[in-house]
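Here is how the chains run, residue by residue.
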Amino acid sequence: AQKVTQAQTEISVVEKEDVTLDCVYETRDTTYYLFWYKQPPSGELVFLIRRNSFDEQNEISGRYSWNFQKSTSSFNFTITASQVVDSAVYFCALSEETQGGSEKLVFGKGTKLTVNP
Amino acid sequence: DSGVTQTPKHLITATGQRVTLRCSPRSGDLSVYWYQQSLDQGLQFLIQYYNGEERAKGNILERFSAQQFPDLHSELNLSSLELGDSALYFCASSVGRVSYEQYFGPGTRLTVT
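Residue numbers (this note's numbering), protein chains in the order written: chain S, 1 to 117; chain F, 118 to 230.
Do not rely on the hints blindly, as some may be mistaken.
[Unchecked claim] Dumping the calculated SDA-like pairs for lysine to any residue here, alpha-carbon to alpha-carbon at most 25 Å:
1. S/Lys38 x F/Gly145
2. S/Lys38 x F/Val212
3. F/Lys126 x F/Pro187
4. S/Lys3 x S/Gln99
5. S/Lys3 x F/Tyr217
6. S/Lys109 x F/Phe181
[Claimed, not checked] A few chain S positions that, by computed beta-carbon distances, are all more than 12 Å from chain F:
7. Ala7
8. Glu17
9. Val19
10. Thr20
11. Glu26
12. Thr27
13. Gln39
14. Glu56
15. Thr78
16. Ala81
17. Pro117
Just so you know, these hints were derived from the structure itself, not from any lab.
Each residue gets a CB set at the ideal place from its N, CA and C atoms; glycine is no exception.
Could you put the whole structure together from the sequences, leaning on the hints where they help?
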């Protein structure tokens, strides 16, 4: 079965520091998708990014960047110049095909990021 | 705002009771997923519907059931509630059955006393 490991349970940084959140996954599928979601203190889950297994290019969106390395089964997330508003729990997720030909998401346990002023 | 709506936002009920959680997907989305988030189990997939049909089942208890109606809204029914069912229940929607990002609603926080 698919598995996502986010080894960092909690990270605390000071504003303007760069921070990297690690995500390691296990899958037997040759085609799969990886996701990152943000859960701020208000509780909703906010979609950040989706990458497919064939696209290993790094992606940058503003202060956010993602590094996908198939060789190490990792999909790490870096926030540059962190801000207090980045404080949240971040979840990495992996798509898993189901018997009905559909797909579900398998989530890691999440990393709680606290950015202090 | 993801465009996915869930009601109610909070629900407090007693053990043994039955509750219904409601979800309206984003306009145009045909798939609805239900997830449970608890402190000990994390975020777990419960069930998926696509255009009215059940497509995938995860760790959903037999006391729980769901359906998707012709207007594509979905309901999750939880019965014979136990203390351990207290959790945040999320609904998500996506355009298709597979390989699309899922957009999550704000969640329903269920407290069983």
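task = List, from low to high, the hint numbers that the structure doesn't satisfy.
result = Hint 13 is the one this structure does not satisfy, whereas the remaining hints hold.
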